[in-house]
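Peer 1: We have chain Z; now place chains Y, B and H onto it with these hints.
Protein chains: 4
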Amino acid sequence: MNVIADLSVVPIGVGVSVSRYVAACEKVLKEAGLTTRLHAYGTNIEGDWDKVFAAIKRCHEVVHEMGAPRISSTLRFGTRTDRSQTMDDKIRSVNEKA
Amino acid sequence: MNVIADLSVVPIGVGVSVSRYVAACEKVLKEAGLTTRLHAYGTNIEGDWDKVFAAIKRCHEVVHEMGAPRISSTLRFGTRTDRSQTMDDKIRSVNEKA
Amino acid sequence: MNVIADLSVVPIGVGVSVSRYVAACEKVLKEAGLTTRLHAYGTNIEGDWDKVFAAIKRCHEVVHEMGAPRISSTLRFGTRTDRSQTMDDKIRSVNEKA
Amino acid sequence: MNVIADLSVVPIGVGVSVSRYVAACEKVLKEAGLTTRLHAYGTNIEGDWDKVFAAIKRCHEVVHEMGAPRISSTLRFGTRTDRSQTMDDKIRSVNEKA
Chain Z
9 MNVIADLSVV PIGVGVSVSR YVAACEKVLK EAGLTTRLHA YGTNIEGDWD
59 KVFAAIKRCH EVVHEMGAPR ISSTLRFGTR TDRSQTMDDK IRSVNEKA
Chain Y
9 MNVIADLSVV PIGVGVSVSR YVAACEKVLK EAGLTTRLHA YGTNIEGDWD
59 KVFAAIKRCH EVVHEMGAPR ISSTLRFGTR TDRSQTMDDK IRSVNEKA
Chain B
9 MNVIADLSVV PIGVGVSVSR YVAACEKVLK EAGLTTRLHA YGTNIEGDWD
59 KVFAAIKRCH EVVHEMGAPR ISSTLRFGTR TDRSQTMDDK IRSVNEKA
Chain H
9 MNVIADLSVV PIGVGVSVSR YVAACEKVLK EAGLTTRLHA YGTNIEGDWD
59 KVFAAIKRCH EVVHEMGAPR ISSTLRFGTR TDRSQTMDDK IRSVNEKA
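Residue numbers (my numbering), protein chains in the order written: chain Z, 9 to 106; chain Y, 9 to 106; chain B, 9 to 106; chain H, 9 to 106.
Just chain Z, with the same shape it has in the complex (with noise of 0.2 Å):
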C-alpha cells in the first residue's frame, strides 16, 4: 500500500529554534529513500506505507537522541485504491483547474 504524507514535527523543551531538529528529521527520510519535499510547514513524503511510518518513528527516535524530551507531531496521510497518484499528479491536477 502506498500512502501521500505530510509531516510537521516539533520538539519541545529545547528552546524556540527547532531548525536543527527537523533538518535532521529530513536527513532521515532521504536516508529511507523516500521521495520527499520540505515546505514552510512541514514535509511531504511519498512511498510504501511501511517504509514511510518506519522512517517517521526513526526520526522520533534521532530528535530524541539528540535531546528533545518531548515531540510533538502532526500528519496527515492519504492513501487510495482507485489508481496509483504521485505527489507530483496532485500538484498537476490542482494547477490544471486552476
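A few of these clues could be false.
Copies of the same chain look alike in the list, so a pair counts if it fits in one copy or across any two.
[Said to hold, decoys possible] Restricting the straight-line Cα-Cα distance to at most 30 Å, the calculated cross-link-like pairs of lysine-lysine (DSS-like) are:
| id | residue 1 | residue 2 |
| --- | --- | --- |
| 1 | Lys59 | Lys105 |
| 2 | Lys105 | Lys35 |
| 3 | Lys65 | Lys105 |
| 4 | Lys38 | Lys65 |
Simulated from the structure, these hints should not be mistaken for lab results.
Peer 2: Same frame as chain Z, but now just chains Y, B and H:
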C-alpha cells in the same frame, strides 16, 4: 517507545455519511488491545508505538475493504523521554491549572 | 455558518510542561460562550464560525501574553450545509454503528 | 499579528476527485492578496491573522457554493512574538542545518 496519538479518518468517495467507516476503525483499534477514547473529531489512542501504528494501518485497510476508494487521515502524535504520561495524566494536568 | 472544530495548541520555548497554557486557552474558549470538550490531545469546539475563530485568535494572544514566544497549533474544522449536526450527534452516529 | 499557516481542505460527498475544489480555494487565497504556496498535501499561507482567516472562511463558503455538502479541513498555524519570520526564512533555516 510509547505514544499518545489522536486519529481522524476521512473516507472520500462514499457520500456525506462516514460514521460507518469511523466505527469500523474504532473496532480495529479496540481489537488491537489499545486504549482508545472517541471524541467529536477523532479518537485518542495510547500504547506502544508499533502496536498503535500497526492498528492505524489495519484501519486504512479495513476502510478500503468496506468500499472507500480514498482516505485522507490526520494524526497528532506525541512521545516523551523525560517521564511516562497517560491520556488521563494529560487531561488531569490541564484541569489542575484551570 | 456553524463549525465543529478540534484545536491543539503547542507553546514553544517555555519548557516541556505546557498544561498551564492549554488551561488558559480553555478558559478563553469557555468565556467566549462556546461549547467545548477537552480531550487528551486537544479540545472540541462547537459554535458560530466567527465566534469560534475569534476565540482561537484570543487564545494565541493570551498564550503569548503569558510568555510563550512561539506557538504552533493544529486545527481540524468541519462545516456542512446538508443538515445541522452537533458534537454529540457525531459521537452518537459512530456509536450506533459500533 | 502575523501568521504562517498550512491549509488542507477536503470536500466530502462530491466523489473521489477533489482538485476542482482545491483549485477554487487557491483562487480565493490569492485574490485575498495572501502569499501562498501549493504543495502535495495543502497550501502554505502567510499574512496578517485576520486576512488569512477571512480567506479561509471564504474558501469554505465557495466550496459549499460549488456543491460540496460537507468539508473537513485541517490547519497548522504558527505565530511568534520573538521575531518576524517568513515562509522562506523557515525553509532556509532548515536547509542551512542540513
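Peer 1: Hint by hint, say whether it matches the structure.
Peer 2: Hints versus structure:
In the homo-oligomer, the alpha carbons of Lys59 and Lys105 lie at most 30 Å apart only across protomers (24 Å), although the nearest pairing inside one protomer, at 32 Å, exceeds that limit. Taking the closest pair of Cα atoms, Lys105 and Lys35 come within 30 Å of each other only across two copies (10 Å); inside a single copy the shortest separation is 34 Å, beyond that limit. Taking identical chains as interchangeable, the C-alpha atoms of Lys65 and Lys105 lie at most 30 Å apart only when they sit on different chains, with a minimum of 21 Å there against 36 Å within one chain. In this homomeric assembly, Lys38 and Lys65 come within 30 Å of each other (Cα to Cα) both inside a single copy, at 14 Å, and across copies, at 22 Å.
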